[in-house]
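When we follow my numbering, the leftmost residue of the sequence shown carries the number 960, and every step to the right adds one.
Because the hints were derived from the structure by calculation, they are not lab data.
Every residue gets a Cβ at the ideal spot worked out from N, C-alpha and C, and that includes glycine.
A hint or two may mislead.
List of simulated lysine-lysine pairs, DSS-like, C-alpha gap at most 27 Å [to be verified]:
| # | residue 1 | residue 2 |
| --- | --- | --- |
| 1 | K1333 | K1306 |
| 2 | K1077 | K964 |
| 3 | K1218 | K1238 |
Ranges of calculated distance between the beta carbons of each label pair, as one might list FRET restraints [stated by the list, open to error]:
| # | residue 1 | residue 2 | range |
| --- | --- | --- | --- |
| 4 | D1113 | T967 | 40 to 46 Å |
| 5 | S1023 | A1293 | 49 to 55 Å |
| 6 | A1239 | S1023 | 50 to 56 Å |
| 7 | D1280 | K1403 | 36 to 42 Å |
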Amino acid sequence: MKTVKRITAHAGAVKIGGGNPLVIQTMCNTDTNDIEGSTAQVMAAADAGADMVRLTTQGTREVSSLAVIKRRLREAGYNVPLVADVHFSAHVAIEAAKVADKVRINPGNFAKEHEKAKEAFSELIAVCREHDTAIRIGINHGSLGERIINLYGDTPEGMAEAAMEWIRMCIAEDFYNVVLSLKASNTVVMVTAYRLLMRMMNETGVVFPLHLGVTEAGNGDTGRMKSAVGTGTLLAEGIGDTIRVSLTENPVNEIYTAKIIRDYFMPEDSPGHYLHEVKAVNEAIRKGAVPSCHMQCASREEYLVRYSLLFGPLLLDKKIDDFKICGPFAAEEADFKENLLQAARRKFTRPEYIACPGCGRTLYDLESVFNEVKRRTSHLKGVRIAVMGCIVNGPGEMADADYGYVGEGASKVAIYRGKEPVMRSVPQEKAIDALLEIIREDGKSGS
């Protein structure tokens, strides 16, 4: 039997993988150059229980601001590791690696030519080794490079193979302070990609830590339920070492939901361990009954997240088609079922929303705009609408959407039909009306 080496990475004093406790993280939605606001938001996230906090670091100015934020946090007694979020620029990633505890990159975005991207990634590894900085290789559905798309298409297989290319390079360079992520807004794509990557790493004989998350999950009940379905399915299989619940809300809210997910997978010798609930449900399935479970939950949020963690994986893997919920919020069963069936990609009865949480690159009030878009489109069954903060991730990661509202600069928005921009530089005050007009033109207004 092949011996498998399980890697423990670290960012600052926080250990990731190798059997260490599940790490909870979030990302600031402040402008990193707003040093006061960003420092305060990191503190709030840490106070809420975040083990790690990410900040957008799109340029060298933001790297300098990150250094000041880190110094102020340490002076105030906050030792939470900081992650620099870098896109496209290898130079910025290298500079950020001298400051941050961890750098999130997609090496395939460093250059169009694969060999040049490899050279840039090798330089980054050298700097991270020197400064004891971790790397997160983040591959997102919809943001694969042209070379991988040509070989595998925009598929879970392509995502996993893209990650393996960089893993092999890390192993060749004897650099192991690495975490990987394969995020998607589609829970089936996300789960399939991570399962494939885990199998590939096991075959290689080196298993790196995995960061889990359903990207652009949205907000409210549906955002929490999508995150619970995706991360819960994998955590129940022993896949995943750190998580983020990606919500278009205050980042602190993500921590509360992530804690519910973490606590659901408590030690197995606990009477409240989730396996006790799973066994009861599996027994009902074996007997041919509609599965049900009664949970003692402290809040409505805990209730919907825990039921999503229990029934979501069974729905996603098509082991059940229906279920029954009990407890103080059972009156919401019909609404809950529709949301969970949609989160597990089994039945679509409502609009599907894809929305990023926002970050320092977002130049408009993303949360309020998203809520208004939801209000004005809630009657559109089966239509997929994306609301994205900027063009860095927007056009790629909303690949599943029928329509998109994408921040394009200060108070300007691009409206997309599928992957194509059909209106550019629309003033923000007119952008929702423009989005609805495009939907009406396509005969999908529901009127």
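Comparing the hints with the structure gives:
At roughly 19 Å between alpha-carbon atoms, K1333 and K1306 fall within 27 Å of each other, so this suggested pair holds. Restraint check: the Cα-Cα separation between K1077 and K964 comes to about 24 Å, which is no more than 27 Å; the hinted pair holds. Of the supplied pair hints, the one linking K1218 and K1238 holds, its CA atoms being roughly 23 Å apart against a limit of 27 Å. For D1113 and T967, the hinted distance range of 40 to 46 Å is not satisfied, since their beta carbons lie about 32 Å from each other.
A hinted range of 49 to 55 Å for the beta carbons of S1023 and A1293 is consistent with their spacing of about 53 Å. Distance hint for A1239 and S1023: a CB-CB separation of about 55 Å, consistent with the stated range 50 to 56 Å. Between D1280 and K1403 the Cβ separation comes to about 28 Å, which falls outside the hinted range of 36 to 42 Å.
Of the numbered hints listed earlier, those contradicted by the structure are 4 and 7.
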